[in-house]
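Produce the entire structure from the sequences given, and follow the hints as far as they go.
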Amino acid sequence: QSALTQPASVSGSPGQSITISCTGTSSDVGGYNYVSWYQQHPGKVPKLMIYDVSNRPSGVSNRFSGSKSGNTASLTISGLQAEDEADYYCSSYTSSSSLVFGGGTKLTVL
Amino acid sequence: EVQLVESGGGLVQPGGSLRLSCSAYGFTSRSYWMHWVRQTPGKGLVWVSRINGDGSSTSYADSVKGRFTISRDNAKNTLYLQMNSLRAEDTAIYYCARGPGASFDPWGQGTLVTVSS
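Protein chains in written order, with our numbering: chain P, 1 to 110; chain Y, 1 to 117.
It should be emphasised that the hints constitute simulated quantities derived from the structure, not laboratory data. Hints should not be assumed to be uniformly reliable.
Here are the simulated lysine-lysine pairs, BS3-like style, with alpha carbons at most 27 Å apart [to be verified]: (1) P:K106 with Y:K76; (2) Y:K43 with Y:K65; (3) P:K68 with P:K47; (4) Y:K65 with P:K68; (5) Y:K65 with Y:K76; (6) P:K106 with P:K68; (7) Y:K76 with P:K47; (8) Y:K76 with P:K68; (9) P:K47 with Y:K43.
Structure representation (structure tokens):
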């Protein structure tokens with residue numbers, strides 16, 4: 001049950017687009033279309049932003065999108081806004097019927 | 001409104017036990033997988049355990065297997081996590097989360113477990 005690999009930090013200016021990667025293996029990310037993404041502001045509870053690779057829950061801005069290629073999933077945020085500054089985590093279902101998170105990525109809006 | 005409320009956290013000595021509860025409101029919990037996720041303050045999220053709708057199937061992270069037990073009482077719309085043989089490294093905020101499929105939504109507000117002598 002090794003954690004998925006995410007960059008520790010990414011940054012971008014308001015209005016720009018950024019992409020956060022989430023790399024796993026064929027036993028998790030690559031094997032299932034069950035990748036999710038969460039946003040967590042300091043001191044707050046995580047919030048679901050993307051589920052099943054590319055689906056947005058009701059109420060989540062369409063500036064957030066998800067995709068997957070092989071063993072790597074990606075979260076793209078377009079039209080970056082100050083309120084997007086937060087930690088982002090990916091998660092995936094695994095072949096052992098468990099789930100696993102990535103280590104988290106701190107997004108800084110410059 | 002869909003809401004999850006955890007309770008049962010606190011300070012416990014190494015080797016001790018604690019039972020966490022998570023009460024569900026606004027939905028019928030038996031229709032969903034339910035999860036426990038923990039987070040050491042300032043660190044990342046770690047999945048701990050999950051249980052299916054009728055309680056017949058469970059799964060655990062390797063770090064808690066054999067020490068933690070997840071269960072549910074659908075009549076009470078409540079999820080539990082029995083934690084035994086607690087270690088300092090189990091210190092964390094414990095969140096319960098509803099699992100629509102293999103995602104977590106919503107999350108409870110969390111309950112802090114501190115393992116220390």
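* Which numbered hints fail -> 1, 4, 8
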